[in-house]
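Asks: One-letter residues, chain by chain:
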Amino acid sequence: MTTASGEGKERSWFKEEFGSPERRTAYYMVLPALLIVLVVAFYPVLYGVVLSLTDSTVTSFGSFVGVENYVEMFQNPDFRLGLSNTVIFTVASVALEFIIGLGIALAINQAFRGRGLVRAAILVPWAFPTVISAVMWRLMFQDQVGVINYVANAIGVIDGPILADDTLLLIAVIFVDVWKTTPFMALLLLAGLQTIPGEVYEAARVDGASVMQRFFRITLPLLKGTILVAVLFRTLDAYRIYDLFWVMTSRGLDSLSTFVYEGVRISQLQFGPGNAAAVFIFVTAFAIALFFIRVLGMQTSTEE
Amino acid sequence: MASATTTKGATGRNTLNAILFYVFLVIFVLVSMFPLIWIFKMSIITKTELFASPPTLLPANPTGADYAQIFADTAFQKALLNSTIISSATTVICLFFGSIAAYAIARLKFRFRNTVMTLILALSFFPAVAIIAPLFVQFSQVGLIDTYWSVIITDTVFALPLTIWLLVAFFRELPVDLEDAARVDGATTIQAFQKVIVPLAAPGVFTTAILTFIFAWNEFLFANTFLFDENTQPVTVVIPNFATIYTVDYGAQAAAAVVVTVPLVIMVLIFQRRIVSGLTAGAVKG
Chain A
927 MTTASGEGKE RSWFKEEFGS PERRTAYYMV LPALLIVLVV AFYPVLYGVV LSLTDSTVTS
987 FGSFVGVENY VEMFQNPDFR LGLSNTVIFT VASVALEFII GLGIALAINQ AFRGRGLVRA
1047 AILVPWAFPT VISAVMWRLM FQDQVGVINY VANAIGVIDG PILADDTLLL IAVIFVDVWK
1107 TTPFMALLLL AGLQTIPGEV YEAARVDGAS VMQRFFRITL PLLKGTILVA VLFRTLDAYR
1167 IYDLFWVMTS RGLDSLSTFV YEGVRISQLQ FGPGNAAAVF IFVTAFAIAL FFIRVLGMQT
1227 STEE
Chain B
9 MASATTTKGA TGRNTLNAIL FYVFLVIFVL VSMFPLIWIF KMSIITKTEL FASPPTLLPA
69 NPTGADYAQI FADTAFQKAL LNSTIISSAT TVICLFFGSI AAYAIARLKF RFRNTVMTLI
129 LALSFFPAVA IIAPLFVQFS QVGLIDTYWS VIITDTVFAL PLTIWLLVAF FRELPVDLED
189 AARVDGATTI QAFQKVIVPL AAPGVFTTAI LTFIFAWNEF LFANTFLFDE NTQPVTVVIP
249 NFATIYTVDY GAQAAAAVVV TVPLVIMVLI FQRRIVSGLT AGAVKG
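Protein sequence lines correspond, in order, to chains A and B.
Residues in the first sequence are numbered consecutively from 927, following my numbering.
Residues in the second sequence are numbered consecutively from 9, following my numbering.
One thing to keep in mind: the hints can contain errors.
[Claimed, not checked] Covered stretches of chain A (in silico footprint by chain B; criterion: 3 or more residues with CB under 8 Å from a CB of chain B, positions within the stretch not fixed):
#	region
1	954-967
2	972-984
3	1063-1076
It is worth saying that the hints were derived from the structure and are not from the lab.
Glycine is no exception: its CB is placed at the ideal position from the N, C-alpha and C atoms.
Make a model of the complete structure from these sequences and hints.
Replies: Structure follows, in structure tokens:
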């Protein structure tokens, strides 16, 4: 921890830091929040790593077994299917949400009548509990009473019930996620667009830049920061998707998170591989975040 | 659209653009609202109409039977109450710890300010499913399983990044002069916070409270992991289970979904400006 070291050269700032009453007050003020975050979120991660290296069960702590759980996890066909479903879901939904969201943001980045209505239309899907939107859409995809299933079959796009086909089910899950989060993506991108000063476009227009040139030379570069933040958030959100898969597919289609859940909560025999998969999700999500921050140069400073 | 002055051709094109723009808006609004409207329709029609093929577009004989059924269901009543308790408690606790920490981060100088902020914000990237097993084991040891506290604690921790991030943004916008004046008059840091910042920041705190409440109301994973007893389960856990209880009663499922969503929709419509300003506070600088 941060306060543990008291060696020679560090003693001076240590004294300055904790000698001043005002600074001490600052530490007292952040300490409660920091403590519960460390205890409830960060400590369990370490504990999870330990569990994944043992043959523990829910009720008893086991002995060290090395990477056996990880080997078993990678050999498990459900895990591999969950991983590929999650990757397909993440790439497809985030790409669609970004493209459609940017389109919407560009279209509504102007003064027009009915802005309030559009804002409402943006916020309503966002405010829906994900599981409830999953229940609602499932009812509409359902083969006896579902309007979408009826229409899709009637116009001949598909042949047979949507919920019975794994590929169609995955497409349906992606569709619902796009429905739910595209407006939010549009909202973030719109806020970014509004920080680009109008004069920049005016100057480019005077210099004879075409619409496409303005988009690729001005809008995209100036929007880069916002885009990276929005896409990173959505990517990590999509990567850990649990509720949509769990409810919409009625446990028929696995994502990484539902695999973990089934392993550690439902099946007694899969506790080890379930914990290994939990660590796997954590490490890969961390790697994705690092990739955005280091490779794509996302700004992470919280200073003004 | 300031350039709509020149030729007739340009005016015609502008009108066309405007029409296309509004067609696009109408489609956008319809697609966003469609599920709620359609599920509402499914919830007020008779069982026969529900299974009609092709489906009817408008309800033929509206009925409130499905609503009467779910509101008479004590399990559903209990779930609504549980959701309210869990979300309210989470909001209060989260705002209490969050506002104190956010004030220190926004206003006071200390060496590890950025480290603290980074640690807390890193949580929003955290795959919560990675810690459900260790937490389940720990919560079992201290007897928290099947209690409101199990979910209130985890919801609070995972709502904290959002809460602190928003509050830091709001606190930074407040004038520093007032606090300095309070300190010159002899107030301590804590008093300056209580007497000056809290009242001034009320609108921002309120916005944060709405967003935290929605976050807790919508949470599913922790509730589905720690709560097995119907006496403590919130609506997000109970309603998907309706699918197994009322196996073919799709009308009741639809009605339950509407009941849970409508309060949120109303809240969102009333506070839309605040929510938008809160949601975009962190993502964009400037």
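Asks: Hints numbered earlier in the text: which of these fail when held up against the supplied structure?
Replies: none
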